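Line by line, the protein sequences are chains G and L. Under the working numbering, think of the first position of the first sequence as -3, with each following residue one higher. Under the working numbering, think of the first position of the second sequence as 115, with each following residue one higher.
No lab work stands behind these hints: they were computed from the structure. Treat the hints with caution; some may be incorrect.
Restraint-style ranges between C-beta atoms, simulated for each label pair [as the list claims (entries may be wrong)]:
1. G:G52 x L:T403: 28 to 38 Å
2. L:L294 x G:A174: 46 to 56 Å
3. G:E181 x L:V399: 31 to 41 Å
4. G:G129 x L:D360: 38 to 48 Å
5. L:F146 x G:I271: 52 to 62 Å
6. L:N327 x G:R84: 24 to 34 Å
7. L:P269 x G:G129: 54 to 64 Å
No experiment lies behind these values; they were computed from the predicted model shown. C-beta: ideal position from N, C-alpha, C; glycine also.
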Amino acid sequence: MLALSLVLNGIVLGSVLLLFSLGLTLIYGVGRIVNFAHGALFSAGAMAGVWLVASGVPFGVALVVAPVAVGLIGVLIDWAILARIRDRPMVDSLLLTFGLALLITGILYELGGRNVQIMPVPQVLGGVISLGGISLPTYRVFVSVLAIALTIALILFLKNSKWGLRVRAANDDPEMGACIGIDRERLMHSVVGVSAALAAASGVAAAPIFTAHAVVGDKILILAFMTVILGGLGSLRGAVVAAYAVGLILVFGEGYFGGQLALMLLFIVVMAMLINWPRGFFGEGRTE
Amino acid sequence: MIATTLSERRVRSRGGLVGLAVIAATGLCLPFASAGQPFLLMLASHALIAAILALSLDMLTGNTGLLSFGHAAWYGFGAYVAGLLSKSVSSDIAVLILLTLAATLLVSGAVGAILVRQVGKTFAILTLALSQIMFALVFVFSDITGGEDGLQGIPMATFFGAQIVSPATWYAILLGALLLALAGALHIRHAPLGRAWLAIRENSERARFIGMNVTLLKLISYMISASLASLAGLLFVLFNGATSPDLLHWLESGKVLMYVVLGGVGTIFGPVIGAVVFTLAEHYVSSFTDAWLIYFGALFVLIVIVAPGGLFGGAARIATRLSARKPGRRAAQ
Chain G
-3 MLALSLVLNG IVLGSVLLLF SLGLTLIYGV GRIVNFAHGA LFSAGAMAGV WLVASGVPFG
57 VALVVAPVAV GLIGVLIDWA ILARIRDRPM VDSLLLTFGL ALLITGILYE LGGRNVQIMP
117 VPQVLGGVIS LGGISLPTYR VFVSVLAIAL TIALILFLKN SKWGLRVRAA NDDPEMGACI
177 GIDRERLMHS VVGVSAALAA ASGVAAAPIF TAHAVVGDKI LILAFMTVIL GGLGSLRGAV
237 VAAYAVGLIL VFGEGYFGGQ LALMLLFIVV MAMLINWPRG FFGEGRTE
Chain L
115 MIATTLSERR VRSRGGLVGL AVIAATGLCL PFASAGQPFL LMLASHALIA AILALSLDML
175 TGNTGLLSFG HAAWYGFGAY VAGLLSKSVS SDIAVLILLT LAATLLVSGA VGAILVRQVG
235 KTFAILTLAL SQIMFALVFV FSDITGGEDG LQGIPMATFF GAQIVSPATW YAILLGALLL
295 ALAGALHIRH APLGRAWLAI RENSERARFI GMNVTLLKLI SYMISASLAS LAGLLFVLFN
355 GATSPDLLHW LESGKVLMYV VLGGVGTIFG PVIGAVVFTL AEHYVSSFTD AWLIYFGALF
415 VLIVIVAPGG LFGGAARIAT RLSARKPGRR AAQ
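With the hints as constraints, model all of the structure from the sequences given.
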């Protein structure tokens, strides 16, 4: 019984993680940037969502407005800051996004992020769903469904739209993509924007579960990093599988050994995995 | 050709000696300048610890190009191990240093053996994860580490029975440790080991092709770097008498990285100066605003964009250019 309940909770965590890591994978695929500021954007989304709901905006609207706002901030960040180091060595992009993480965290602290803010679960989604003796809060089911739906929508969009075609082309070979006339600057602006919006969307959606404060995104960022490494850096389907693997490992670890040890367990699993399969589940991750 | 390299090397190592002498002289003058202001000496002591920590990260990043985003892991590791040992085994600083270093070498060797096989980005991500794990460990064993409250009540350090009490003595120990570490770093830089590291930093594939054991060399660099960071942690905990999990937080890793980036990666003196400048600046900025993280982050971003070589890196480039002219002039005479 406990195991089944843990499986369900693992799937919930995995879904949130999936939505969050997709942005990380996307920005890595096109820009070859490991975005350390992704967790700060998660926190920004969560805090914006809580603030909107607290000032009377319905939850459903906040779920759209906060990601769009953070997405626009993402575009602004790319245009103003990330664009400055496009052709610099890889080290600079790592340092830059790390600095951005500090900067955004600092700003969030000043905007009231020092205190933990609670986001009430919207009334429609309150209550508990019981299934054969196992009960799961309705809201968790909603979050999983939402995350899975958004993920599928994004993948379909990547497969079927002009924008998706450009993203995939730039992902496979940025230089060749530029040669056949893909405007790398504009594409990158949009990719960073979408990636930031996805981080914020998972932040708002998870706020009733994880609460909201300036560093709420720290832990999920580490989990997402584990996810993209397990799945292979830049591999989309790898990230999908890995997100659920990480979610399950973490929830089972928490269930049987307690919260902090679970993180250690995950780290050991990832390290063990790297010895033999440094390119992730599908062997298509980049190593550079 | 050989002659020029030799003279070049002599010029550079002379530059290193001059740098060492300047730091030693400045460091020695400070206690006299700060007479009657015990707080200033305390601040300077903290700056020295930061400088050792910065140097430790530069031993890794500056030498092999591996970028660690979780260097606080080893700083905190050293602090907690030394703190726990001094409470349970002995408060003799020599014993503590030996035991802590042994523990660090053991653990960093095991972790590093897997880490250094990863390239660039994966390495960076895993180091950040490692520091989070160390952070989490403090809470797992909160009954012995004190958890959120930190490790308290660490006995005063002794040296062969004599207690190390006065702030001035501590300051001297810290300054001595920094100078020793600097001398060691400078020596290695010009020794075959340091040359091999630089080859890996510039092009690790070529280094492998000419027959270097790249993984082993990286591991050595990682272990030395971790040991020095853990030594900084040890000095911190004994000097401070207590430690908190904040030491392991990623903000702390960010600070160390900032020291190195501010000073200039791989310049040895740069990160040390960066650490001192930054520690002083942090103290004065945080005394009139608590939003210092914003300034800190903005400065970080700005330096990476505008001056990727760091402040000292820029100055060092000019100095190299100037000193590069000298041998030519001498040859002409």
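Evaluation of the provided hints:
no.	hint	verdict
1	G:G52 x L:T403: 28 to 38 Å	holds (32 Å)
2	L:L294 x G:A174: 46 to 56 Å	holds (51 Å)
3	G:E181 x L:V399: 31 to 41 Å	holds (35 Å)
4	G:G129 x L:D360: 38 to 48 Å	holds (44 Å)
5	L:F146 x G:I271: 52 to 62 Å	holds (55 Å)
6	L:N327 x G:R84: 24 to 34 Å	holds (30 Å)
7	L:P269 x G:G129: 54 to 64 Å	holds (55 Å)
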